[in-house]
Amino acid sequence: MTNPFQQQTRLRKLIYTALILALFTGSLMHRRFVVAEQARDLQLLETSRGEVELASSAVRQVLWGSRGFAVTVLWKMAIDEQARHKWNEVELLVGSITRLQPYFITPWLFQSWNMSFNVAVECDKPRDKYYYVSRGLQLLAEGERRNQGLLDREGRPRFPGNPDMRFHMGFTYQLKIGTSDEQNAMQCLLEMSTIDPIDRDPETMWAPGKEGREVNLKRFEKFCRDHPRLVRRLSNALDYNSPKEVVAFLKDNQVIPTRFSDQRNLADQASELLDVKAQFPVLPPKVADSRLPVPLQGYWPDAVSPALTAESLDVFLIGRTWFSYAQLPLPPAYADIGAVDPPIDILRHRLPKHMTTIIFRGYPCLGQQFIAEHLQKEGWFDADGWTIKDWFEPILGGGDELRVGVEPKYHSGSAWKKAYQLYRDHGLKNGLYISPELRGELSKKAEAFRKKHRVRPGERADLRQDIRVGAMGESYAAHQKLAWNDHYRQLTNFDSHLNESEAEQDPRAVQAHKWLFEAKQAARSGANPQALGYYEQALPIWLDLFLDYPRFRRVSSTQENVYEAQLKYLRLLQREKAGPLRTAAMIVAQLGCWPNWPPFDQPFANMLNEGQRLAIIPMRMFHGPLDRTMIFDVDFMLTNRFESSQDSSYDKEFKQALMAWSQHALPFPVYLGTPSHLLTQKVSWPGSTYTDGWVPLISPSAIDVIRGHMGLPSMSERRPPTMPAMMPGKMPGTMPQK
Amino acid sequence: MMFATTFALDYEPLQWWELPAALKVWVQVAGAVATFALAIYSVAYLIQRPASAGKTGSRLGRVVVTLFALADACYVLALLSLAVRAAGSGAEGLRPAQPVPSGRPPVFSSLTDVLTFAAGLFAVLAVAMPLLVDLGTRISLRRIGAIARLSLKEAVRSRVVWVFASMAVIFLFAGWFVPFKPEDQVRNYVRVIYWSLAPLFLLTASLLGAFSIPNDVKSQNIHTIVTKPVERFEIVLGRYVGNALLLTAAMAVLTGMSLVYVLRGVDPQARKESLTARVPIYGDRLWFHGTAQSDKGESVGREWDYRSYIGGPHPATPQAPRQFAIWSFESLPGSFSDKQLPYFEYTFDIFRMTKGQEDRSVIANFSFADGQVTTVPQFQAALEKMRGELAQEQASLAKKLAAKNRDRVPASEIQAWKEQEQERIENALIDKYGIYEIAAEVQDYHTQVVGGNDKDRYGQKLARLVNKLQASPRQAAEGSGPAPLLNVLVSVDRQSGDQKLGVARRDFYLLAAERPFWINFIKGIVGLWFATLLMLGLAVALSTYLSGVIAWLCALFMFGMGLHVDGIRQIADGTNVGGGVIESTVRILGKLPGAAPLDRSPGASVIQGSDEVFRFGLRLFSRVVPDVSRFDLHVYVANGYDISWSQILFLNNFVLLLGYLVPWGVLAYYLMKYREIANPT
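Quick note, the sequences are listed as chains A and B, same order.
Each residue of the first sequence is one higher than the one before, starting from 1 at the first, in this note's numbering.
Each residue of the second sequence is one higher than the one before, starting from 1 at the first, in this note's numbering.
Do not take every clue at face value.
[Claimed, not checked] Derived BS3-like pairs: lysine-lysine, alpha-carbon spacing no greater than 30 Å straight-line: (1) A:Lys251 with B:Lys355; (2) B:Lys455 with B:Lys385; (3) B:Lys418 with B:Lys339; (4) A:Lys568 with B:Lys355; (5) A:Lys244 with A:Lys389; (6) A:Lys244 with A:Lys218; (7) B:Lys673 with B:Lys153; (8) B:Lys400 with A:Lys210; (9) B:Lys355 with A:Lys244; (10) A:Lys244 with B:Lys418; (11) B:Lys418 with A:Lys210.
I should point out that these hints are in silico values taken from the structure, not numbers from a laboratory.
With these hints in hand, go ahead and build the complete structure from the sequences.
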């Protein structure tokens with residue numbers, strides 16, 4: 001038996017051991033269920049911020065407190081190497097900087113911008129530019145992944161990602177590939193990045209021919225059918241005028257950032273896809289359809305599929321995808337925007353840092369609008385696609401042409417339709433679009449508040465909290481909703497976008513754009529008569545469209561585009577019909593000399609000096625079909641109400657009533673046109689003044705903008721050309737004296 | 001052949017003809033330091049002279065005193081010469097300025113220069129004499145070897161060698177974090193290897209060197225050595241040699257592994273374009289025509305002024321002279337044949353003034369002309385005449401072709417005849433005018449060969465031209481040396497007239513040969529090895545007097561300063577923007593712009609005077625800071641340019657290392673000799 005001291009000692013040891021175990025277990029449980037949960041809730045864990053990179057974490061731990069110093073040194077080195085144009089070293093250093101501070105957003109944004117813009121712009125060759133744009137984008141995508149947030153078990157955002165980084169991805173694609181100086185070359189390279197390198201291998205496109213190596217036209221035809229936009233861009237925009245030149249471009253740019261690896265699949269027919277993170281173009285991860293606006297559901301590009309997307313591949317499609325992805329960390333859309341502060345859960349949602357939220361929310365719609373505009377710009381309108389002339393004559397036979405890009409995904413009308421749906425959906429969800437019925441109801445409700453507090457419609461007011469009750473409270477809320485709606489619509493230019501996309505989906509608009517495009521192409525290739533024909537077909541359609549969609553007519557960019565087309569038409573017409581026009585001008589001038597008519601037995605032009613000829617022949621006052629057209633602005637008559645600019649119902653209602661009224665008095669209807677054409681066209685003569693409600697179809701400001709761009713004098717400043725001091729009649733020996 | 005490159009050297013490597021002048025400066029600087037040290041020693045000796053000391057010293061002492069006296073005498077004479085020259089300078093100022101002599105400057109520019117050199121030489125000899133005598137009589141290689149072996153064993157036992165295993169991390173994981181353009185792969189791998197090896201070896205060398213002797217002192221092991229018949233300097237040399245051997249062995253092993261790392265899985269583009277060692281022959285001179293200054297082109301406002309720019313003929317300024325960048329080659333090696341054609345390569349920068357045509361490069365004209373056509377107007381006149389004659393010949397050829405077509409001559413026969421005729425016309429024009437012109441696309445950050453895919457055809461023409469020029473005698477122009485063999489005039493073509501081309505001397509060269517990459521890689525590592533030896537020597541020399549930590553920090557400081565020696569020299573010479581330390585501080589605090597001069601005021605004079613004193617000190621300091629950037633040869637390796645054994649490795653690296661370490665060795669000799677370790681007294 002042990003002695004009491006030993007027993008005490010043993011007991012003490014047992015107690016200590018038990019305490020140690022209890023404390024240890026307790027601390028473990030506390031850490032697991034309390035500390036860890038709190039850390040997760042407060043986003044203190046690296047795993048709750050996004051992807052974790054072991055090496056980066058290890059280096060940061062090793063550096064201890066000297067991370068700031070190391071980053072500063074690396075930043076300085078990166079700037080120095082950049083000044084010395086050592087781009088590859090800049091890239092290495094930038095990678096180190098971002099790894100040392102992965103949760104500091106600004107370096108990701110700055111350095112990715114630096115690579116995509118500053119470094120890329122120093123390179124002269126598009127392929128080099130493209131590489132550094134891609135490196136900047138991949139860097140930012142990596143940063144986005146590191147700060148991607150976390151979803152909960154239901155797939156809802158538990159912690160938000162960073163909307164700014166996602167937005168900048170789309171914005172960089174848009175600016176550097178979509179609209180830069182080298183946009184056509186860059187877009188070609190982007191499309192090539194999405195094509196399997198086996199399919200675009202230039203070596204497979206050659207075949208032995210009579211004069212050495214020639215392009216295998218069968219193989220090339222398939223390539224054109226599969227990638228019509230790429231080939232058309234090369235041909236039309238970059239002047240690669242033969243299959244041989246196109247294949248040479250493919251050869252020169254064979255090695256570029258891509259989606260595919262060097263490995264081939266088991267059938268050896270296609271290349272394996274790279275890991276999603278290593279692919280270029282880099283895309284956001286798949287998002288459930290339930291989190292997307294209805295028009296975009298089912299259209300999210302799938303980076304794990306070789307086909308990538310069911311839509312036509314476009315840089316703006318990638319931009320739209322990133323813009324849509326940037327919306328996910330935002331709080332849900334709120335229809336009472338401005339009037340009431342929306343509820344925001346700061347742990348689950350994040351607002352954009354550098355942009356008004358409502359503008360930020362509109363970017364997916366804008367992305368879709370750019371897709372539609374881009375299709376039009378490149379000449380993709382409808383099932384006619386693109387006809388490739390000459391290139392395939394040897395395999396197609398005489399007279400046959402290859403038509404490519406006829407699938408619906410290349411139709412601009414469909415793209416505009418989707419843009420309209422997106423804008424409408426965006427407007428409804430965010431309180432930008434208010435139906436006429438609801439607007440009328442709200443206006444009626446707001447009357448009481450406006451009357452009592454002498455507030456004008458559209459004026460924002462603040463009512464004391466304690467009197468925002470009962471009927472007055474409701475009236476105040478209605479007024480505020482309308483006032484903020486006006487404010488945000490102006491801020492976002494929402495009405496213009498909505499009206500434009502509504503009209504542009506009309507098949508007539510598609511046709512009108514197509515003819516203008518064809519006219520431009522024909523004029524470029526010197527086929528002026530055909531170009532004039534296209535213009536003459538297109539311009540009346542624009543008139544119809546402006547009358548049918550009066551709000552579309554008000555969109556300044558539309559007016560400018562149409563007026564520019566008309567000016568080009570007039571220039572071409574003057575050039576093409578120079579002979580008859582000169583003769584006509586001379587005859588008129590000759591007749592104008594009455595009663596001192598010059599002798600008719602010799603050409604009148606020979607009697608004139610240079611100054612006189614210049615005064616007669618160049619017809620500066622040459623008007624086109626849209627120039628003198630006036631329309632009656634219904635909105636103006638309806639007290640110039642701002643809110644009526646959202647849809648055409650007022651206009652239509654008014655004209656229908658007018659027609660019913662005018663026809664009612666007659667025994668039978670005599671007006672055979674459509675209501676939209678009623679009271680809408682009159683020709684104004686020079687010097688006439690505008691009467692109330694009548695406005696020119698093309699506004700003077702739009703006319704002046706375009707005339708300025710084309711180096712012409714402003715219409716408002718234009719004066720008739722001064723006649724030379726000496727008329728023919730005063731020229732000695734040429735005209736009989738009175 | 002085309003590869004992306006950014007090969008640019010911030011300094012001009014030392015040339016063989018500059019070696020005498022460099023040695024002269026070295027002797028003058030080392031001599032001044034030696035004289036200063038001897039003066040202090042003399043004063044200390046006179047103050048603390050023991051009473052027992054005899055009137056006559058040892059023979060060595062007498063030699064040292066004599067040399068010192070001679071040095072002093074030379075310095076006095078130099079001062080007198082300087083004074084005489086200063087007194088006469090007022091009269092000289094009235095005379096018209098002498099033209100600046102062209103060509104290579106003489107080694108000695110004045111009598112003062114000669115006297116200071118002589119003084120420095122005597123002073124260096126005076127200081128080095130005891131060491132030289134010891135090296136000849138008392139220093140034993142066997143004992144140095146024994147201490148070196150001891151150092152090696154100590155290093156191995158202390159597991160220092162394990163530090164080199166850290167490179168395994170780089171070899172294993174660096175690939176994950178090194179993004180690269182296909183053509184940049186080798187460049188980035190080389191960069192990563194150098195970034196890893198350099199700090200690893202330099203830190204290890206500094207630690208080994210700085211702590212070995214202080215540790216001996218601390219552990220009192222040194223007492224067991226110095227009480228043996230061992231010279232103290234042998235300890236220094238032994239430690240140095242032992243540690244150097246260890247570092248060399250480690251470097252050899254890691255170099256082999258690094259080479260495997262760089263060479264595995266090289267992208268075909270990188271292999272074709274970067275995995276080589278080009279031997280370039282640069283033009284002896286780059287000069288400009290049509291720009292404001294003949295030695296540089298225009299500035300386009302870039303921060304880095306390595307290149308200057310030439311523009312094309314602009315329609316808005318038709319009267320403006322055409323701008324040319326002209327490379328003059330004094331000579332070219334041997335004669336060329338069909339088997340060995342001259343390939344000229346170029347790497348220009350492009351600065352676009354307008355967008356230009358999308359996806360179309362800038363076009364440059366390369367005119368290879370006889371060097372005896374000394375002025376650009378002469379060249380332009382000859383070129384116009386040649387072009388006219390070429391047009392006539394082409395018109396005549398077209399007529400003959402039309403006749404042949406009418407005669408229904410087979411197409412293949414016509415083609416062969418046409419090529420033959422064109423060949424004949426071009427050859428005749430080359431022989432007659434000594435000019436050959438080629439238009440070529442320029443893509444920046446890519447080295448391209450003149451002629452592109454047709455480089456062989458153009459190479460044959462250039463071979464004909466160069467062979468002709470080499471065969472003809474060179475006539476010396478009046479007042480200057482012989483005319484160069486070949487001038488290459490580069491200009492922006494008329495169709496790219498809006499754009500500008502950035503050029504530097506090393507942007508255009510004749511490709512003499514291509515050598516294996518792996519040898520070049522090893523040469524690059526040799527440069528790093530020299531840097532490591534320098535760091536080791538510095539640390540060992542400092543550790544002979546300072547404690548381990550202090551010696552280590554001092555060595556790091558000196559080496560660190562060496563990385564920024566260009567900046568230090570700029571401040572010391574007053575060529576930096578913003579002025580000296582005090583002036584810059586005033587500018588920062590007062591938010592004054594750096595480039596604008598300070599207002600004239602007594603305060604500004606005080607500031608600038610203070611800075612002048614500071615600059616004087618900095619100038620002295622900059623003389624003892626090693627120019628370590630010269631040992632960084634990775635830029636050659638990474639960009640595929642050969643490191644020459646003689647000029648780069650021997651002259652620019654080895655001689656520099658020796659010139660820097662010898663004074664530190666002498667200092668270490670005296671510090672160790674007079675250190676109080678088991679001294680008999």
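Structure-based check of all given hints:
| no. | hint | in the structure |
| --- | --- | --- |
| 1 | A:Lys251 with B:Lys355 | holds, 24 Å |
| 2 | B:Lys455 with B:Lys385 | holds, 26 Å |
| 3 | B:Lys418 with B:Lys339 | holds, 25 Å |
| 4 | A:Lys568 with B:Lys355 | holds, 24 Å |
| 5 | A:Lys244 with A:Lys389 | holds, 15 Å |
| 6 | A:Lys244 with A:Lys218 | holds, 13 Å |
| 7 | B:Lys673 with B:Lys153 | holds, 25 Å |
| 8 | B:Lys400 with A:Lys210 | holds, 26 Å |
| 9 | B:Lys355 with A:Lys244 | holds, 26 Å |
| 10 | A:Lys244 with B:Lys418 | holds, 25 Å |
| 11 | B:Lys418 with A:Lys210 | holds, 20 Å |
The structure shown violates none of the earlier numbered hints.
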